[in-house]
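Enquirer: Take a look at the letters that make up each chain.
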Amino acid sequence: MSLWTRMANVFRGERVNREIDEELEAHVAEAIANGREPSEARRALGSALRHREKSRDVRLVAWLESLRADAVFGWRQLNKTKVTSLAAILSLALAIGACTSAFRLIDAILLRPLPVANPERLYDLARRGIGPEGKPQNFDGWAYPDFQLMRAAAGDQAELIAVSYVEPVDLTYKSDEEIERAYLQYVSGWMFPALGLRPALGRVFTENDDLKPGGHPYAVLSHDYWSHRFGQDPKVIGRTFRMGNDLYEIVGVAEESFTGTSPGTMVDIFVPTMMHPGATRKDWTWHRTLAVVKPEAAFEPLRQKLEATSRAFEEERAKGFLGMRQEDIDSFLNQKLVLEPAATGVSDLQTETRRPLAVLGVLVGLVLLIACANVANLMTAQASARAREMAVRVSIGGGRWRLVQLVLVQSAWLAFLAAALGSVFAWWSGPFVVSMINPPDDPARLVLPADWRVLGFGLAVALGVTLLFGLAPALRASGVNPVSALKGGEDPHSKRRLMHALIAVQVAFCFLVLFVAGLFVTTFQRLSHQSVGFSADRVLVLDTTAKAPQPVEFWEQVAEHLRSVQGVETVALTDSPLLGGSSWNNFISVNGAPTNGVLSYMRAASPGWLDTMKIQLIDGRDFLPGDTHPGAALVNETFAKTYFDGVDPVGKTFELSMDEGKRLGYEIVGYVKDVRYRNLREPILPQLYVPFRSVDEKGVTRKRGAGVLLVRTSGSNPLATAGILRQEVPRARPEFRVSRIRTQMEINMSHTVRERLLATLALFFAIVALMLAAVGLYGVLHYSVLQRRREIGIRMAVGARAGGVARLVTWDVFAMVLVGAFAGVGLGMLSVRYVESLFYQVKATDLQMLAIPALSILVGTFLAALRPVMQAVRIDPASILRAE
Amino acid sequence: MAKADALQGSMDLLVLKILSRRPGLHGYAIMSAIQDISGEVLRVEEGSLYPALHRMEEAGWIRAEWITKGTGRRARLYELTAAGKKQLGMEESRWQAVTLAVNRVLREA
Numbered sequence: 001m002s003l004w005t006r007m008a009n010v011f012r013g014e015r016v017n018r019e020i021d022e023e024l025e026a027h028v029a030e031a032i033a034n035g036r037e038p039s040e041a042r043r044a045l046g047s048a049l050r051h052r053e054k055s056r057d058v059r060l061v062a063w064l065e066s067l068r069a070d071a072v073f074g075w076r077q078l079n080k081t082k083v084t085s086l087a088a089i090l091s092l093a094l095a096i097g098a099c100t101s102a103f104r105l106i107d108a109i110l111l112r113p114l115p116v117a118n119p120e121r122l123y124d125l126a127r128r129g130i131g132p133e134g135k136p137q138n139f140d141g142w143a144y145p146d147f148q149l150m151r152a153a154a155g156d157q158a159e160l161i162a163v164s165y166v167e168p169v170d171l172t173y174k175s176d177e178e179i180e181r182a183y184l185q186y187v188s189g190w191m192f193p194a195l196g197l198r199p200a201l202g203r204v205f206t207e208n209d210d211l212k213p214g215g216h217p218y219a220v221l222s223h224d225y226w227s228h229r230f231g232q233d234p235k236v237i238g239r240t241f242r243m244g245n246d247l248y249e250i251v252g253v254a255e256e257s258f259t260g261t262s263p264g265t266m267v268d269i270f271v272p273t274m275m276h277p278g279a280t281r282k283d284w285t286w287h288r289t290l291a292v293v294k295p296e297a298a299f300e301p302l303r304q305k306l307e308a309t310s311r312a313f314e315e316e317r318a319k320g321f322l323g324m325r326q327e328d329i330d331s332f333l334n335q336k337l338v339l340e341p342a343a344t345g346v347s348d349l350q351t352e353t354r355r356p357l358a359v360l361g362v363l364v365g366l367v368l369l370i371a372c373a374n375v376a377n378l379m380t381a382q383a384s385a386r387a388r389e390m391a392v393r394v395s396i397g398g399g400r401w402r403l404v405q406l407v408l409v410q411s412a413w414l415a416f417l418a419a420a421l422g423s424v425f426a427w428w429s430g431p432f433v434v435s436m437i438n439p440p441d442d443p444a445r446l447v448l449p450a451d452w453r454v455l456g457f458g459l460a461v462a463l464g465v466t467l468l469f470g471l472a473p474a475l476r477a478s479g480v481n482p483v484s485a486l487k488g489g490e491d492p493h494s495k496r497r498l499m500h501a502l503i504a505v506q507v508a509f510c511f512l513v514l515f516v517a518g519l520f521v522t523t524f525q526r527l528s529h530q531s532v533g534f535s536a537d538r539v540l541v542l543d544t545t546a547k548a549p550q551p552v553e554f555w556e557q558v559a560e561h562l563r564s565v566q567g568v569e570t571v572a573l574t575d576s577p578l579l580g581g582s583s584w585n586n587f588i589s590v591n592g593a594p595t596n597g598v599l600s601y602m603r604a605a606s607p608g609w610l611d612t613m614k615i616q617l618i619d620g621r622d623f624l625p626g627d628t629h630p631g632a633a634l635v636n637e638t639f640a641k642t643y644f645d646g647v648d649p650v651g652k653t654f655e656l657s658m659d660e661g662k663r664l665g666y667e668i669v670g671y672v673k674d675v676r677y678r679n680l681r682e683p684i685l686p687q688l689y690v691p692f693r694s695v696d697e698k699g700v701t702r703k704r705g706a707g708v709l710l711v712r713t714s715g716s717n718p719l720a721t722a723g724i725l726r727q728e729v730p731r732a733r734p735e736f737r738v739s740r741i742r743t744q745m746e747i748n749m750s751h752t753v754r755e756r757l758l759a760t761l762a763l764f765f766a767i768v769a770l771m772l773a774a775v776g777l778y779g780v781l782h783y784s785v786l787q788r789r790r791e792i793g794i795r796m797a798v799g800a801r802a803g804g805v806a807r808l809v810t811w812d813v814f815a816m817v818l819v820g821a822f823a824g825v826g827l828g829m830l831s832v833r834y835v836e837s838l839f840y841q842v843k844a845t846d847l848q849m850l851a852i853p854a855l856s857i858l859v860g861t862f863l864a865a866l867r868p869v870m871q872a873v874r875i876d877p878a879s880i881l882r883a884e
Numbered sequence: 001m002a003k004a005d006a007l008q009g010s011m012d013l014l015v016l017k018i019l020s021r022r023p024g025l026h027g028y029a030i031m032s033a034i035q036d037i038s039g040e041v042l043r044v045e046e047g048s049l050y051p052a053l054h055r056m057e058e059a060g061w062i063r064a065e066w067i068t069k070g071t072g073r074r075a076r077l078y079e080l081t082a083a084g085k086k087q088l089g090m091e092e093s094r095w096q097a098v099t100l101a102v103n104r105v106l107r108e109a
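In order, the protein sequence lines correspond to chains A and B.
Our numbering puts the first sequence at residues 1 to 884.
Our numbering puts the second sequence at residues 1 to 109.
Please note: incorrect hints may appear among the correct ones.
Short derived list, chain A residues pointing at chain B, Cβ under 8 Å [as the list claims (entries may be wrong)]: (1) ASN17; (2) ASP21; (3) GLU22; (4) LEU24; (5) ALA26; (6) ALA29; (7) ALA31; (8) LEU45; (9) GLY46.
The hints are simulated quantities; they were obtained by calculation from the structure and are not laboratory data.
Note that the structure is predicted; figures quoted are calculated from it, not measured.
The beta carbon of each residue, even a glycine, is placed where N, CA and C say it ideally should be.
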């Protein structure tokens, strides 16, 4: 008989049974015909059932057969208790779904290797040292001339590749009226061959496309961009687009799977590094350096060689760092070069979300465990209701292992149904969470495939969960002692002990989730409600570009024109909005003394900027139209504290020390209140604001090609005027275009995206955890009341009062809740250390932070206990005792 | 009386041998044949006969066929396959070797 027939026989079980029976019957008939006693003949043959089992085992794949039988039986069991099964499946599905979707995110951002040849040999070069603020820092930006030296030094040990930080750029395919935004990355021409990437269309770059600065205006499109922008039109090869003053020709499309080397950003257009304006600049760090290390290369000597090369380059450059303190120069030069594994690519999204994602992973894991504990309790309760059935099975010869299998198969039903439902949930919630992390103007674009990795994870979770909540009840069920179980006298406390332990575990985990959620919610509240020092209400930020750099007078004309537009209150010019992500700094020297090593952060602003942003002037005046940079400056309170001992500095002077010993002089004309410059968490930075009008050494005003118009509108919805403003800018002067419009509010809110996400999700999981724990508690109490009916009845019959009964039913469960809560506090204190960096102005030891979860659990416990206690108190001793 | 089980592993040998001489026997006839030929010395335990037959069938040494007898009752008749013949040869020589060895021990010990 082939394996196939045997497997097929599994599903023809009845026929196989009949045939075996018939053969045995024939045997007995033959025996009787030979003159034997019918009863003796039957006895000699033995139990038909045992024969059947033995012979069947031979004739069909036994385990498969028993599995099928158990699956059918398990399904019937689930159907018998539809409501509890459904509750179990739903709570598990929620937990498994949350886990799977967390996994999808974590996988997409942190775990999935890049789709390139040998991703495990890819490294990211970074420098590690002490930053100007005295904190340890890790920086992976490089200047191109340094990169060229290192590439030569690496020789045949490793191929070095330069890839710029992906940035949104404005480009046009036809006329200037149609500016489009695309994500651009400058990459070394040899990146494509080095990473084993092939073109999907046309050609990709080679070494020859990246030789002469500014000499290779060619572009390779990503497959995704080619698809959504050009509908996969093969005629795209040879088309051109204009970016800045250069005309680029499209030469090819990269293979589909490659979306760039930074998870979280998908590149639209690749251009050669030689086209970057900073390709020859020694002081402009604008790209990452990736290294494909050859398998035979000696790692440490390679690292040292690269470090020595880079250090020599910086030492040469440091000769021009006049006016900088020697210790700052030393700590800059003494940075250690490190090669960090980059098999999964490198991106800011990875660094920013590593911890939050880990926290989320742990939270969903805890919710899953709570759900598992619930189901385990449910199964235990059911198993004890089925103790007689199990005892019967054992006594008629069911193997213990078969009983374990029986209960496990039922658990597997629950787990797999839940996993199926959960995967639907994950399929929806993964992209939803991504959309929540995303600042609207600079969306993280993630590849979130639902492939074998996700499927494998889902299956592994389902299996793991089955064992987790199914194994203990299964072993317990199989360990049934038929004699005592059939007499109905098994130790009634044994099962409750397991259930109580699980309650303690649940409460501990629940407390932890609530505690962490409370910390995140408070962090988000404190962070988003703190004052930023300026008013973002109704302010629009217009990123504006001109075809060629334009005189400042023209910029001012545009601003003046917008002031006359209806619905506009005030307009100002700046280089970049506050909190907008771009920063610009310098060392300050007062009275010709050397700098004190603290960087001051700068912003260019036109007259009226203070008014538009509603920044409070403490002393002095706003800029006047004639003020220039260098020349006049506004400074904030922290600046005064840092350089002038907190004294009102109006009228005082200072200098900026530039490269190659140049110094620029300023007179402080105004003293303003502190505002947030770069982000919401760090201490306020010393800031100085210079006029938008900048002049060169000869006193000639510099032209500007890009700037930002800040517009405070009078309507409550600033975006309502956005369309008009976009049209009015070129009407004021035809050379100008608005490339993007944001609200200042949106920019401010983008700084709390991570906190909002963490707070929202943590709160959601906290509610789920609390609900699950309460349901679990209710289940256990309910079960124990049922189990102890007789005892309660007798106690009441001999005069126990309601209070005593309530105490009897709830006391040990409440004790478990207390044990769990204390364990939760301990767990919380231990774990909080790992996530402290995510908190803002909130401490884990704040009493309030501990009180909230404790109170929530108390209320949850009370609500869960209410009904079972009522049931217990209402027990009528007479009827119970009569029934027994 | 010694039962067939006492002679470990000899059940397969006996069944195969019987079927090689008289193909097309049902279970009861195989059992009776073993008892008759051995002069009632060897008794097949009826309880283990059918599992053994089904096991050998699964191993491919014997094959079975349902026939309807004159009484209208169906019977399952067994016969040897080619693989069964080979197996019989092996079992026989193994048996010879074992009995020879046992005899030698009895003689020389």
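Enquirer: Give a verdict on every hint.
Expert: Do the hints match the structure? See the list:
At about 13 Å, the closest approach between the beta carbon of ASN17/A and any beta carbon in chain B exceeds 8 Å, and the interface hint on this residue is violated. Taken as an interface hint, ASP21/A does not check out: its beta carbon lies about 11 Å from the nearest beta carbon of chain B, beyond 8 Å. For GLU22/A, the interface hint holds, since its Cβ comes within 8 Å of a Cβ in chain B; the closest pair sits about 6 Å apart. Interface hint status for LEU24/A: upheld, as the beta-carbon distance to the closest one in chain B is roughly 7 Å, under 8 Å.
The beta carbon of ALA26/A comes within 5 Å of a beta carbon in chain B, closer than 8 Å, and the hint placing it at the interface holds. Nearest Cβ of chain B to the Cβ of ALA29/A: about 6 Å, under the 8 Å cut. The hint holds. Of the supplied interface hints, the one on ALA31/A holds, with its beta-carbon coming within about 6 Å of a beta-carbon of chain B, less than 8 Å. Below 8 Å, beta-carbon pairs count as interface contacts, and LEU45/A has one with chain B at about 5 Å; its hint therefore holds.
Given hint, GLY46/A at the interface with chain B, holds; its Cβ is 4 Å from that chain's nearest Cβ, closer than 8 Å.
Comparing the model with each numbered hint stated earlier shows that hints 1, 2 do not hold.
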